[in-house]
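Produce the complete structure using the sequences and hints provided.
These are the residues of each chain, in order.
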Amino acid sequence: MNRTGLHVDWTRCDGRGLCVELLPDLLGRDEWGYPLPHRSTPGRLLTEVPPGSVADAEQAVALCPLLALTLTTEAAT
Amino acid sequence: MNEALWAAGRASGVTALALLTASVVLGVLNRSGRPLPGLPRFSIALVHRDVALAATAFVGVHVLTLLFDPLARLSVTDLLMPFAGAFRPFWQGLGTVAFDVLLAVVVTALLRHRLGLRTYRTVHWLVYAMWPVAFLHAVGNGTDARTSWFLEVAAVSLIAVTIAVVWRLSAWFVESSHARQELR
Ligand code: SF4
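Here the protein sequences come in this chain order: C and S.
The first sequence begins at 11 in our numbering and counts up one residue at a time.
The second sequence begins at 17 in our numbering and counts up one residue at a time.
What the hints contain is simulated information worked out from the structure, not anything from laboratory work.
As the structure is a computational prediction, the values presented were derived from the model and not from experiment.
One should not assume that every hint holds.
Restraint-style ranges between C-beta atoms, simulated for each label pair [stated by the list, open to error]:
#, chain 1, residue 1, chain 2, residue 2, range
1, C, H48, S, P148, 37 to 47 Å
2, S, V182, C, R54, 38 to 48 Å
3, S, R130, C, T21, 11 to 21 Å
4, C, G53, S, P56, 22 to 32 Å
5, S, L119, C, G53, 39 to 49 Å
6, S, L119, C, D19, 25 to 35 Å
7, C, R54, S, F106, 54 to 64 Å
Covered stretches of chain C, as calculated for chain S (at least 3 residues, CB under 8 Å) [said to hold, decoys possible]:
#, stretch
8, 17-31
9, 39-47
10, 71-85
So, partial list: chain S residues that the calculated Cβ filter (under 10 Å) puts toward chain C [what the hints assert, rightly or not]:
#, residue
11, N46
12, R47
13, S48
14, G49
15, P51
16, P56
17, S59
18, R128
19, H129
20, L133
21, Y136
22, V190
23, E191
24, S192
The beta-carbon is built from N, C-alpha and C at its ideal position, and this holds for glycine as well.
Structure below.
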């Protein structure tokens, strides 16, 4: 079972909020509009993506207007 | 047959102008990061893409029909080389410029994940130059340019894009601009 993580490049993200709309269960917005994970994940990931949300996360990666999002997969140990 | 080609060439041209206008307005709205009632941000991004692709399709029909139309005397070179045409070369040349820029914008937008943000965004900015060129081409080259229905389409388009650009340049354009400016 692979684990999927969502990574955001903060030098690019401008808080446009598309990802927050597509992943409301995982992300909220801070007061400047930037995505804020509901539950913080250790390490450099924005958030971990549960299997049921991977398709939505892929949509967010595809639609982020600043190409700031990437998905990472790692084999669970 | 020629009559039909000529009519289709004109109709598709006007439709393309209207759709390009809608696409520019949607693109500016998309850039603002604001949703519309009933239309979340990601939908605006998708509608912007679809309207832009529809506009491109109508531009394709416009160019193809006139390529086969003897009245327009359009040649394949005219599709790439501006201002060398036989029929109103200056106004037609503007159409060529807009056509070539549009193709570049669409291709770089569709391949943006492979080309990277900078290329995609730089080429996308050219739209602000492309739209006025396309508009002038429509008004100057179009044989319907003095009919009232065409003038109405042209006027509404011009007003819509002007409002969008003025809004784009205003300090309150971005959704979170209020919160962000308080911080400074
Ligand atoms: S969609 Fe992209 S730019 Fe918008 S908030 Fe998410 S990561 Fe940032």
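Sort out which numbered hints this structure fails and list those numbers smallest first. No hint contradicted; all consistent.
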